[in-house]
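Participant: Here the protein sequences come in this chain order: A and X.
Just so you know, we're using the UniProt record's numbering here: the first sequence kicks off at 1 and counts up by one.
Just so you know, we're using the UniProt record's numbering here: the second sequence kicks off at 1 and counts up by one.
Simulated from the structure, these hints should not be mistaken for laboratory data.
Warning: the hint list may mix true and false statements.
Which copy is meant is left open, so a pair is good if it fits within one copy or across any two.
[Said to hold, decoys possible] In silico lysine-lysine, DSBU-like type, Cα no more than 35 Å apart, as pairs:
# : residue 1 : residue 2
1 : K375      : K31
2 : K75       : K467
3 : K330      : K508
4 : K361      : K417
Just so you know, these numbers come straight off a predicted model, no measurement behind them.
2 protein chains.
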Amino acid sequence: MYRSNTCGALRASDIGSEVILSGWVHKVRDKGFVVWVDLRDRYGITQLVLDEDRTALELLEKARELGRETVIQAKGQVIERASKNPNIPTGDIEVLVSELTILNKSLLPPFTIEDETDGGEDIRMKYRYLDIRRNPVKNNLIFRHKMSMEVRKYLSDQGFVDVETPYLIKSTPEGARDFLVPSRMNEGQFYALPQSPQTFKQLLMVGGMDKYFQIVKCFRDEDLRADRQPEFTQIDCEMAFVEQEDILNTFEGLTKHLLKEIKGVEIDKFPRMTFDDAMRLYGNDKPDIRFGMVFGELNAVAQHKDFGVFNSAELVVGIAVPGAASYTRKEIDALIDWVKRPQVGAKGMVYVKCNEDGTYKSSVDKFYDEQDLAKWAEVTGAKPGDLICVLSGDANPTRAQLSALRMELANRMGLRKPDEFAPLWVIDFPLLELDEETGTYHAMHHPFTSPKPGQLELLETNPGAVKANAYDLVLNGNEIGGGSIRIHDKETQATMFKHLGFTPEEAKAQFGFLMDAFQYGAPPHGGIAFGLDRLVAILGGQETIRDFIAFPKNNSGRDVMIDAPAHIDQEQLDELHLKLTHTS
Amino acid sequence: MYRSNTCGALRASDIGSEVILSGWVHKVRDKGFVVWVDLRDRYGITQLVLDEDRTALELLEKARELGRETVIQAKGQVIERASKNPNIPTGDIEVLVSELTILNKSLLPPFTIEDETDGGEDIRMKYRYLDIRRNPVKNNLIFRHKMSMEVRKYLSDQGFVDVETPYLIKSTPEGARDFLVPSRMNEGQFYALPQSPQTFKQLLMVGGMDKYFQIVKCFRDEDLRADRQPEFTQIDCEMAFVEQEDILNTFEGLTKHLLKEIKGVEIDKFPRMTFDDAMRLYGNDKPDIRFGMVFGELNAVAQHKDFGVFNSAELVVGIAVPGAASYTRKEIDALIDWVKRPQVGAKGMVYVKCNEDGTYKSSVDKFYDEQDLAKWAEVTGAKPGDLICVLSGDANPTRAQLSALRMELANRMGLRKPDEFAPLWVIDFPLLELDEETGTYHAMHHPFTSPKPGQLELLETNPGAVKANAYDLVLNGNEIGGGSIRIHDKETQATMFKHLGFTPEEAKAQFGFLMDAFQYGAPPHGGIAFGLDRLVAILGGQETIRDFIAFPKNNSGRDVMIDAPAHIDQEQLDELHLKLTHTS
Chain A
1 MYRSNTCGAL RASDIGSEVI LSGWVHKVRD KGFVVWVDLR DRYGITQLVL
51 DEDRTALELL EKARELGRET VIQAKGQVIE RASKNPNIPT GDIEVLVSEL
101 TILNKSLLPP FTIEDETDGG EDIRMKYRYL DIRRNPVKNN LIFRHKMSME
151 VRKYLSDQGF VDVETPYLIK STPEGARDFL VPSRMNEGQF YALPQSPQTF
201 KQLLMVGGMD KYFQIVKCFR DEDLRADRQP EFTQIDCEMA FVEQEDILNT
251 FEGLTKHLLK EIKGVEIDKF PRMTFDDAMR LYGNDKPDIR FGMVFGELNA
301 VAQHKDFGVF NSAELVVGIA VPGAASYTRK EIDALIDWVK RPQVGAKGMV
351 YVKCNEDGTY KSSVDKFYDE QDLAKWAEVT GAKPGDLICV LSGDANPTRA
401 QLSALRMELA NRMGLRKPDE FAPLWVIDFP LLELDEETGT YHAMHHPFTS
451 PKPGQLELLE TNPGAVKANA YDLVLNGNEI GGGSIRIHDK ETQATMFKHL
501 GFTPEEAKAQ FGFLMDAFQY GAPPHGGIAF GLDRLVAILG GQETIRDFIA
551 FPKNNSGRDV MIDAPAHIDQ EQLDELHLKL THTS
Chain X
1 MYRSNTCGAL RASDIGSEVI LSGWVHKVRD KGFVVWVDLR DRYGITQLVL
51 DEDRTALELL EKARELGRET VIQAKGQVIE RASKNPNIPT GDIEVLVSEL
101 TILNKSLLPP FTIEDETDGG EDIRMKYRYL DIRRNPVKNN LIFRHKMSME
151 VRKYLSDQGF VDVETPYLIK STPEGARDFL VPSRMNEGQF YALPQSPQTF
201 KQLLMVGGMD KYFQIVKCFR DEDLRADRQP EFTQIDCEMA FVEQEDILNT
251 FEGLTKHLLK EIKGVEIDKF PRMTFDDAMR LYGNDKPDIR FGMVFGELNA
301 VAQHKDFGVF NSAELVVGIA VPGAASYTRK EIDALIDWVK RPQVGAKGMV
351 YVKCNEDGTY KSSVDKFYDE QDLAKWAEVT GAKPGDLICV LSGDANPTRA
401 QLSALRMELA NRMGLRKPDE FAPLWVIDFP LLELDEETGT YHAMHHPFTS
451 PKPGQLELLE TNPGAVKANA YDLVLNGNEI GGGSIRIHDK ETQATMFKHL
501 GFTPEEAKAQ FGFLMDAFQY GAPPHGGIAF GLDRLVAILG GQETIRDFIA
551 FPKNNSGRDV MIDAPAHIDQ EQLDELHLKL THTS
């Protein structure tokens, strides 16, 4: 037996017991006549003590020489601690060591195993197994486990069935790039790893499974932006015989349950906002509504004066930044520089200081009088003491720029509180999205999303205006889930494929099995998928998903710990009937 | 709202309620003046009724023409059924239909959606979404869900943490063939799909995670025997600071819990048997101990007579087949033919009838008298009325042949009862296995398995004799789980790699990260993995895992429903810098 107790278990009530502990040497304090060893495991730290009065000298010597992270087993008696440590649960006791066994030695770790480590991201990733010993990482993984368990329990209690769908499926050019898996047994053919179990969950609905869920890995071979992973985890759900309202209620229930169980936060009813309103009011389809700075559109009150920049703009739009009228010229110039950065892309910024005395001072005083500016204040909701920031130009990019500014200011002003939770349903998404480059439309959600009732005809005349039965769940400015009511009849699905530019042959080759299935009594159905990595990170009060993944990959899709991907043997290539076209 | 109730919900207490049901038309019975429709969903069947007295004629007409598997919505009143059906929970009531909406039509399904269908395996796999509508398949999937939930709950309650390990990892030539995934971003390099999360779970132990579990997909690109799948699901577990005894107790606990919760079967203590005993007594490392026919080794009592076949054999071994002394000559000849089939491979079979009157009649009466045969009966435990079947030859193949015969006879005699459960720990596996073809040793379990204490030196002198801290859990003749105590120090691991024929460079290239990790304070650890597909099938009282997988692949690794794997675009190949060496 390696241990009778863990290093987090012993209390004052255990004083007098003989115990065996195993763990890692966290710290050794050698005061000459007495040596203390902090012994650490997943459950906590227990102080071991050895001293000249009560401990054999060779044992004391052995303890003195223990290096950090050595794995040891210690036997001894639980005794009361002279100077108690109220900061740890085991702080009332220590263990007077009578036997000490070194189970495994350790080299000096490349970074300190402390909550605040001296290791940078790269080295921590290379030695991720050491990083996981640190409380913040360990606790994130345990937190994720708790979340997953809670999700499964809730959905199972609601009658959802966890069904495992296959990982070796078929490539579909639609959407992001697939990871491909050459088949040895079927020469020249490839499997693809699923970007999501979308078609399978729909087939389960056709199969009468009624309520399906799965916590499942998905794969996208995309160029990785910061905080994207080539493999990620989804809470994937689908229901039959439902309308949008049923889905929203069901998964609002799940999210409320998680917020309550995991965070102790109770939220009554989640607000809902149309996609159009979200874009108009926040310039963003995933607005963070924990704070204000709602957009005010100023075309009516700012155009048709002599200011050509505004007059020629499709959209003039501003936000009232609370308490920022006191910004110095230098601070405001810095803001203007910020919006002009290439990543944001604004041409410039007009501002209005709403002074405490009710007067206004703007960067466009030449064109607008106090009365004009008062109207701007009214539209943006600015109060005395606020600063109105105004951008103008083509509607879409201008909204995106002002949204970026709004988020930046909120971050700077500490308005994005990690312990505050503001969920929001964004609904009525457009069905199609115009690819500006090619001038063609593609599905905003995916090609199985159903248009709003009665809007199918619009596909012919004004495809961009067709709204979908599609919805996103937004939490604190992050999309944590998204889904739709699906098309469930073959004709509508064929029409959709046509408008997405598929020939009937292409549609049949790729989704023939789904369209076949729709001929055999497909029920109305819809679903949603949550990004578990992000959901866990947000509920964990953090923004970086990598901190909640045991073995994440870096921005080049590499696992730097195991050094993958890697070159393979020629023999393996031969078996797959493949040849590299270059050798790098 | 598509439904107020499911098709399995309504009871006599609902009589008088107005309800809305949705589901599939299971059957229409048209008696002219009255039409009954069996409406089916996941939860059951409810009878709809329409008749000339109470239903509008056009509604009656509509109902009459409903094809099987049409998806409909029906509104109506719950009424008492004239002739009750005690076989279904809704049998006391029916719904008098006032509104009927066709939600989706269906072609005639290619096989009947009944518990006993007329569809063969191939057609059912192609239309798996229809197959899933059938109760046996649907119930298997729900049963699997219940099992998974119960496993997670039990392990989580025991302090195990569900940690997701990566799917895009590194190829290792050890063991079965990997599925490979070409990396687009890292030209010429490949990921591999995990055959198991073995190294990651060991790294989690190095990381102090202490107790890990995961229900996880694993992948093996092997030529598929019947009832193997290229992707399969494991309950994967690992613990730190444990000895073999701790692991056996913990997972005996899990298995007992499942047997009790899922099957209502209580089993006290699982028996244990060494690998050597299992081979000696059952000729098999996964013996089915639900029945007897234990091997009796007859060398001592059958050799050194004049029977050359036995005298020259390494092993003479028999079983007593209960009650089979009455077999006719023809039946016995058929048994002899059976063992001589190429799949079994015996040269012949000697038999002894133990007559009810205490006399013996054997096929080798020329060489053995009654006294000799009485000794055979003693060794094999044969009683009057039994038939002793004896095989001889080289020990290993002879044991395998007799084991095959034992299982065949048990199947024929109905001794393998699906509702009887006989778990067994097989322990003390050999560390290494001789590859007869190449004359080299490879790891029987995997290269991380630790030898029994003190046996490391034997590796040099008699590698085949080294026993491992490795164990299998066997249930009803199937290996449902297997694991080992791992090596946790770098030196032993290096020695192992050496004996497995790795050069230090190869070991470093493939497992360098693990050996590195072992330098930083790896704790003693061990684990186990259960094959979930098989475990579910056995607890479900069946043998075929395919029946418990939503979307299984066939013996060529194909998903015949979605038609995968498939050819891909040249463009996709180009992006991966790959070329096919043949085109087929």
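Participant: Are the hints correct? Go through all of them and say.
Facilitator: Hint by hint, here is what the structure shows:
1. K375 <-> K31: neither (73 Å within a copy, 76 Å between copies)
2. K75 <-> K467: Close across copies (30 Å), not inside one copy (69 Å); limit 35 Å.
3. K330 <-> K508: Neither. Shortest intra-copy (61 Å) and inter-copy (57 Å) distances fail the 35 Å Cα cut-off.
4. K361 <-> K417: within (31 Å within a copy, 90 Å between copies)
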